[in-house]
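> As a plain string of letters, each chain reads:
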Amino acid sequence: MKKNLPLIVAGGIILGLFILLQVVVVVREGEVAVLTHFGQPKQELTESGKYYKLPWPIQKVYSFDGRYRSYETQIEETITADKKNVLIAVYIGWRIEKPQLFLEKVGSEKQALDNLDGLIRSYRSALIGQTGFSALVNTNREAMAFSELEEELLAQIGPEALELYGIGVATLGIHRLGLPEQNTKSVFDRMNADLKWEAEKYRAQGNTEAEIIRARADADRAGILAEARRKAKELRAEGDFESAKFYESFNKNPDLAKFLKELETIEEVFDDETTVILSTETVPFNQLKAGRQTEQKQPE
Amino acid sequence: MSTQSSIDELDTSAGHAALSDALRSSFRMLRWFMLLLVGGYLLSGMFVVQQHEKAFVLTYGKVQGEGEDRIKGPGMHWTFPRPFSEVVKIPTLRAQEVVSDSFWFEMKETDDGPKAVNQGQTLRPGLDGYALTADANIVHSRWSFQFVVRDPEAYYFSFHDPDLLLHRLFDASVVHAFSRLTLDQALRSDVSGLIAEVKARFERSCDALRLGVNVESVKILNIIPPLQVFDAMNEVNRMESEAGTKLSQAREYAETKVTGAKGEAERIEREGETAKEELLAEIKADVAYFEKILERFEANPEVMQQFLRHDALKRALKKVKTLNLVHSKSGGQRTIVIDAGKELKIPGVNDE
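Protein sequences, first through last, are from chains Z and V. In this text, residue positions in the first sequence follow my numbering: the first is 61, and each later residue adds one. In this text, residue positions in the second sequence follow my numbering: the first is 510, and each later residue adds one.
Isolated chain Z, as found in the complex (with noise of 0.2 Å):
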């Protein structure tokens, strides 16, 4: 019994873990799970952590991965309610919120994928036909209702995944909005003469608007100049009128004052490029007539 101790305790070993395999039962954190007994759906293990079950094959436990997950349909095309033809392509994030009835009604995540493709496809096809194109994209924002279709979407898909499924549609929205292929070329045909127009506006309005600030500078200077004379003529005014005052000395003696601005006048008038034909008969140059005339008579 001595002699066979170490192999008691190593049978006893591996027959412990054996048995610790078939009556406990981990979860780990973000998975769920249900345990069956005989097949019969008994308990929802939706918390990490440890558990204990009877061994196989009374009961079972069958595990999913419960977090969220993604999926996206193919870009497929749908007709809006203004009878335009569009791609769109959806996404949902999803995961397993009623693990027993997934259990019993999907059973695997490729039945998921199918089932949450049929609801997407069906309720994606009735809400866009019922949606113009407009508010799908649209230059005025009060028009669209782009957001709004995703919430609506995900108000009729969310409720019946988790009623029919056991899985929970925590968001949705559409990932990629076109046209069908043959549209793209009349659309390229629209952006190119939408393009040329664009071109051209540049061109006129490049000429047009330089011409108006050409224009608008001439008559800012022309203002300018117009301004800065009126002033000048008002100053010029002023110095007249407030000359005036130095007038009245001259009341003193008018005749005085008129003789000295004649003499004033005609020494400005003459300069280094003036010539000056004067008769003798002027002062004092009469003097040079009457000294002639003396020398003319000595001889007599």
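Keep in mind the hints are simulated off the structure, nothing from the lab. Certain hints may be false.
Claimed, not checked - Mimicking PhoX-like on lysine-lysine, the simulated pairs with C-alpha atoms at most 20 Å apart in a straight line are:
1. V:Lys-571 to Z:Lys-110
2. V:Lys-755 to V:Lys-766
3. V:Lys-801 to Z:Lys-318
4. Z:Lys-305 to Z:Lys-321
5. Z:Lys-102 to Z:Lys-120
6. Z:Lys-120 to Z:Lys-110
7. Z:Lys-170 to Z:Lys-158
8. Z:Lys-256 to Z:Lys-245
9. V:Lys-771 to Z:Lys-293
10. Z:Lys-158 to Z:Lys-120
11. V:Lys-801 to Z:Lys-305
12. Z:Lys-261 to Z:Lys-245
13. Z:Lys-102 to Z:Lys-165
14. V:Lys-571 to Z:Lys-113
15. V:Lys-793 to Z:Lys-321
16. Z:Lys-321 to V:Lys-823
17. Z:Lys-102 to Z:Lys-158
18. Z:Lys-312 to V:Lys-801
19. V:Lys-728 to V:Lys-708
20. Z:Lys-305 to Z:Lys-318
21. V:Lys-708 to Z:Lys-312
22. V:Lys-828 to Z:Lys-321
23. V:Lys-624 to V:Lys-598
24. V:Lys-728 to Z:Lys-321
25. V:Lys-793 to Z:Lys-318
26. V:Lys-755 to Z:Lys-261
27. V:Lys-771 to Z:Lys-291
28. Z:Lys-120 to Z:Lys-165
29. Z:Lys-305 to V:Lys-771
30. Z:Lys-143 to Z:Lys-245
31. Z:Lys-245 to Z:Lys-144
For chain Z, the structure is supplied; the task is to place chain V on it using the hints.
Chain V alone, transformed into the frame defined by chain Z:
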């Protein structure tokens, strides 16, 4: 017989002793081996968390610890090895970059560099990515975003493929943002608005899902109109550039004109001011002179007048170039010849 039996007994006891020694030695070795095995097993529970990581220890699948102790920071740690415990490490502090080519067309490598596979007049769904703008035009773009994991527990344990989900949330944000802007706004006039719109919506989506990430940045790597309208777009750019040049030239012209006019205006105003000052100075000087000689003039007007006239004539004639005196005979004809090249100055007529 007895001798033979004794010899046999001796052999048997010696064999047993040898076997016993061998077994003892084996058990000793096995014990050491078991001790080493147990030691190695326990040591395998040590783990190192790098400076950019956070770690969780799951014991029987459940996160160990409470509150902040749930997250293990950088350093060396120990836990019970598998199958009892499991260590999950998550890169958190290091920003992770994701590039989105969802709105870009299919490319191929050629000798001249990467080129678009599709050179046709249409875009193939699923292969040539693009977005629709608010004015129902088409635009291609490549994006990137950076994020850091703020809440590693939520990021890892609530989402199976968080990177993929982030990518889809991001693409949806791009689709939204383009659908609200015109082609011109998206390509040129409001690119920063486009990026801001994408980032804002992307952040809202991540927060609503409690993904536990912080969006650090959103960038546009490329944004172009479809290749099919490239020539027309280039023409628009050329015309816009030309218009800009014309406007610049016109503004330069306006600046020169107005600045010149301001200078000239200042000169004109100064001239007016100077004329006013000169006029006043002159009249003041005239009055002063008048006042000075008035008394003497009134005492002897005739003589004073003669003197003043002579002085004035002297000063005036000193300046002139030529003085001609014409002798006149009573009753005779007088002829004055004037140099035709000279201008005859007549006071009050042409003295400008």
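> Looking at the structure, which of the earlier hints fail to hold?
12, 21, 23, 24, 29
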